[in-house]
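J.: These protein sequences, in sequence, are chains B and P.
Numbering-wise, the first sequence is residues 16 to 332 according to this note's numbering.
Numbering-wise, the second sequence is residues 113 to 347 according to this note's numbering.
Hints are computed from structural coordinates only; laboratory data are not their basis.
Worth double-checking, as some hints may not be accurate.
[Said to hold, decoys possible] On the chain B side, residues computed to face chain P include the following (Cβ under 8 Å):
hint: 1; residue: Glu-169
hint: 2; residue: Trp-183
hint: 3; residue: Val-196
hint: 4; residue: Asp-200
hint: 5; residue: Glu-201
hint: 6; residue: Met-202
hint: 7; residue: Val-203
hint: 8; residue: Arg-205
hint: 9; residue: His-206
hint: 10; residue: Ser-207
hint: 11; residue: Gly-208
hint: 12; residue: Ile-209
For glycine and all other residues, C-beta sits at the position ideal for the given N, C-alpha and C.
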Amino acid sequence: MAEKPASRWWIAPAAAGVAFLAGLPLLLSAYTVSLLISVLAYASLATSWAFFSGTTRYISLATAAFVGIGTYTVALLSDHLPLAVVLAIAHMIGFVIALGVGLSTLRLSGIYFVIFTFGLTELIKQLVIWFEINQTKTLARYIFVNASGTLIYELLLATATIVIAGVWWLSRSRVGYALRVIGEDEMVARHSGIDTTRVKVLVFAATSAVMSMVGAVLSLRYTYVDPNIAFNSLVSFQVLIMALLGGIGRPWGPALGAVPLVLLSELLSGTFPHHFGIALGICFVVIVFFLPGGVMGLVDRWSAWLPRSALRRRKES
Amino acid sequence: MLEVENLSVAYGKHEALRNVALRVEFGRTVVILGANGAGKTTLLNSIAGIIRARPGARITVDGEGIQDEPAHRIVERGVALVPEGRRLFGEMTVIENLCMGAYAQRARRDEAARLDEMLTVFPRLGERRQQTARTMSGGEQQMLAIARALMSRPRLLLLDEPSLGLSPRLAKELFATLRRLASEGQSILLVEQAAHLSLRLADWVYVLENGRIAKSGAPSAIRDDDSLRRSYLGL
Numbered sequence: 016m017a018e019k020p021a022s023r024w025w026i027a028p029a030a031a032g033v034a035f036l037a038g039l040p041l042l043l044s045a046y047t048v049s050l051l052i053s054v055l056a057y058a059s060l061a062t063s064w065a066f067f068s069g070t071t072r073y074i075s076l077a078t079a080a081f082v083g084i085g086t087y088t089v090a091l092l093s094d095h096l097p098l099a100v101v102l103a104i105a106h107m108i109g110f111v112i113a114l115g116v117g118l119s120t121l122r123l124s125g126i127y128f129v130i131f132t133f134g135l136t137e138l139i140k141q142l143v144i145w146f147e148i149n150q151t152k153t154l155a156r157y158i159f160v161n162a163s164g165t166l167i168y169e170l171l172l173a174t175a176t177i178v179i180a181g182v183w184w185l186s187r188s189r190v191g192y193a194l195r196v197i198g199e200d201e202m203v204a205r206h207s208g209i210d211t212t213r214v215k216v217l218v219f220a221a222t223s224a225v226m227s228m229v230g231a232v233l234s235l236r237y238t239y240v241d242p243n244i245a246f247n248s249l250v251s252f253q254v255l256i257m258a259l260l261g262g263i264g265r266p267w268g269p270a271l272g273a274v275p276l277v278l279l280s281e282l283l284s285g286t287f288p289h290h291f292g293i294a295l296g297i298c299f300v301v302i303v304f305f306l307p308g309g310v311m312g313l314v315d316r317w318s319a320w321l322p323r324s325a326l327r328r329r330k331e332s
Numbered sequence: 113m114l115e116v117e118n119l120s121v122a123y124g125k126h127e128a129l130r131n132v133a134l135r136v137e138f139g140r141t142v143v144i145l146g147a148n149g150a151g152k153t154t155l156l157n158s159i160a161g162i163i164r165a166r167p168g169a170r171i172t173v174d175g176e177g178i179q180d181e182p183a184h185r186i187v188e189r190g191v192a193l194v195p196e197g198r199r200l201f202g203e204m205t206v207i208e209n210l211c212m213g214a215y216a217q218r219a220r221r222d223e224a225a226r227l228d229e230m231l232t233v234f235p236r237l238g239e240r241r242q243q244t245a246r247t248m249s250g251g252e253q254q255m256l257a258i259a260r261a262l263m264s265r266p267r268l269l270l271l272d273e274p275s276l277g278l279s280p281r282l283a284k285e286l287f288a289t290l291r292r293l294a295s296e297g298q299s300i301l302l303v304e305q306a307a308h309l310s311l312r313l314a315d316w317v318y319v320l321e322n323g324r325i326a327k328s329g330a331p332s333a334i335r336d337d338d339s340l341r342r343s344y345l346g347l
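Build out the structure end to end from the sequences listed, making use of the hints.
T.: This is the structure we're talking about:
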């Protein structure tokens with residue numbers, strides 16, 4: 016694939032930035048760290064969501080399902096197995112379930128895929144409830160993992176770094192082009208020699224596995240979990256809004272979108288705990304109306320207005 | 113090199129193609145004339161693997177059956193389609209569109225050389241490498257669509273009404289390009305309504321009516337056929 020030679024000037028600063036972030040828990044209060052944990056978790060979720068749904072335009076509302084799968088894997092297994100093994104299993108279960116879902120549903124197009132993925136979250140939640148009531152006779156579980164806020168933070172920082180770097184790298188590869196082309200015109204993509212089913216299913220599974228991983232790590236914060244907490248459909252919508260806010264055209268856009276919305280959620284749920292949904296809905300409307308290209312699109316427009324700005328010069332060089 | 117036998121396609125109860133048979137010899141240009149709704153697009157799409165034919169059909173490329181293969185495998189066999197209405201990747205640049213055409217395994221090895229070749233064959237595209245496809249004129253878009261298909265070094269090029277929506281002058285230019293490709297040995301299967309231009313290009317002609325092959329023959333014979341003259345040539 017003819018790729019523009021990428022300038023790599025930013026790799027050193029990015030590495031320094033990650034190192035700095037890794038050191039932050041030493042400096043910050045436990046509250047701030049827990050806020051950053053949410054930011055990192057949602058940054059990973061929004062980035063992986065956008066890599067599949069943003070490029071192919073197969074809008075998935077199954078984020079909550081895969082997050083919940085991760086959460087429940089920890090709830091069920093953490094008493095019996097070491098943490099690292101549990102996390103790896105969560106990752107694998109997410110991948111395998113997404114593979115099955117993908118194979119059976121990715122031929123659905125447009126609105127049918129959206130509805131299916133939305134229904135999938137509910138279906139899995141109901142299955143877990145059924146299983147817990149009829150088989151284990153418990154509807155709530157306690158998670159007794161001795162994980163400090165710092166450990167959760169570092170795990171999620173590693174996940175977010177790998178996800179964002181991976182998406183950046185993949186989006187300039189053959190796979191990235193294939194995804195974009197599937198989003199533009201899937202039939203012609205097939206005429207171009209792309210095995211669209213394979214690309215879609217594998218990327219859907221890989222990004223879903225990340226979601227399960229994030230769900231698994233996040234669950235270490237909880238002491239108590241039940242199916243309604245683990246499979247919370249709101250998460251699917253929040254992730255979608257974050258990706259839109261940040262802008263889905265770029266690898267780091269969705270992650271940027273996660274920052275203001277996590278902070279906003281924190282602010283809103285602290286100030287108006289009962290009107291959180293309304294505020295979130297208003298945000299969604301505002302984003303779609305005023306920022307169709309997301310924040311990154313706004314940056315582009317501004318840099319076009321400032322002809323001599325550094326941003327623009329960098330883009331052209 | 114391409115042989116189609118007993119090809120029938122149905123959309124629900126509507127039969128779009130019935131028992132179609134045709135062949136394209138290596139290096140030849142074959143034209144399929146037909147009115148709107150005659151089944152032309154269906155025919156090309158079923159050869160390209162986008163639409164499944166009814167059981168019993170046989171489509172072979174160099175003797176090997178492809179009727180059950182998925183579209184991306186058929187590209188690997190050396191059959192590329194220029195779809196109706198161009199269907200470019202509108203948000204991508206000229207170069208990116210061309211590179212997508214070289215996605216197939218068979219095209220990857222000397223993609224760069226092929227790209228240079230295409231930019232020489234279509235100099236207008238060379239001038240507009242970084243232009244977004246959707247912002248180009250209709251004629252340029254059609255050239256890009258053809259160049260994109262050629263990027264996979266197809267042994268057989270399928271074209272679905274390439275003159276659609278082009279001015280008479282651009283259509284002429286387009287056919288001159290096709291003639292040049294044909295003279296360089298490219299095998300072509302062209303589906304068209306523009307009978308005058310395509311008859312001049314064709315080595316062999318099929319006439320498709322209501323999903324069946326109504327007639328076939330050399331272009332001169334088709335030109336002399338009275339009923340066809342009335343239907344397709346407006347004479």
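J.: With reference to the structure, classify each hint as holding or not holding.
T.: Against the structure, the hints:
Evaluation of the Glu-169 (chain B) hint against chain P yields a violated restraint, the C-beta minimum of about 38 Å exceeding 8 Å. Hint status for Trp-183 (chain B) relative to chain P: violated, with the closest Cβ pair at about 18 Å, above 8 Å. Using the Cβ-Cβ criterion of 8 Å, the hint placing Val-196 (chain B) at the interface with chain P is satisfied: the shortest such distance is roughly 5 Å. Interface restraint check for Asp-200 (chain B): the shortest CB-CB distance to chain P comes to about 5 Å, inside 8 Å, so the restraint holds.
The criterion of a C-beta within 8 Å of any C-beta in chain P is not met by Glu-201 (chain B), whose closest approach is roughly 10 Å, and the hint is violated. At its closest, the beta carbon of Met-202 (chain B) sits 6 Å from a beta carbon of chain P; the interface hint therefore holds under the 8 Å criterion. Taken as an interface hint, Val-203 (chain B) checks out: its beta carbon lies about 5 Å from the nearest beta carbon of chain P, inside 8 Å. For Arg-205 (chain B), the shortest C-beta to C-beta distance to chain P is roughly 4 Å, which falls under 8 Å, so the interface hint holds.
For His-206 (chain B), the shortest C-beta to C-beta distance to chain P is roughly 5 Å, which falls under 8 Å, so the interface hint holds. Because the beta carbon of Ser-207 (chain B) sits about 5 Å from the nearest beta carbon in chain P, less than 8 Å, this interface hint is met. Against a cut-off of 8 Å between C-beta atoms, the interface hint on Gly-208 (chain B) holds, since the closest Cβ of chain P lies about 3 Å away. Against a cut-off of 8 Å between C-beta atoms, the interface hint on Ile-209 (chain B) holds, since the closest Cβ of chain P lies about 5 Å away.
Violated hints for the displayed structure, listed by number in ascending order: 1, 2, 5.
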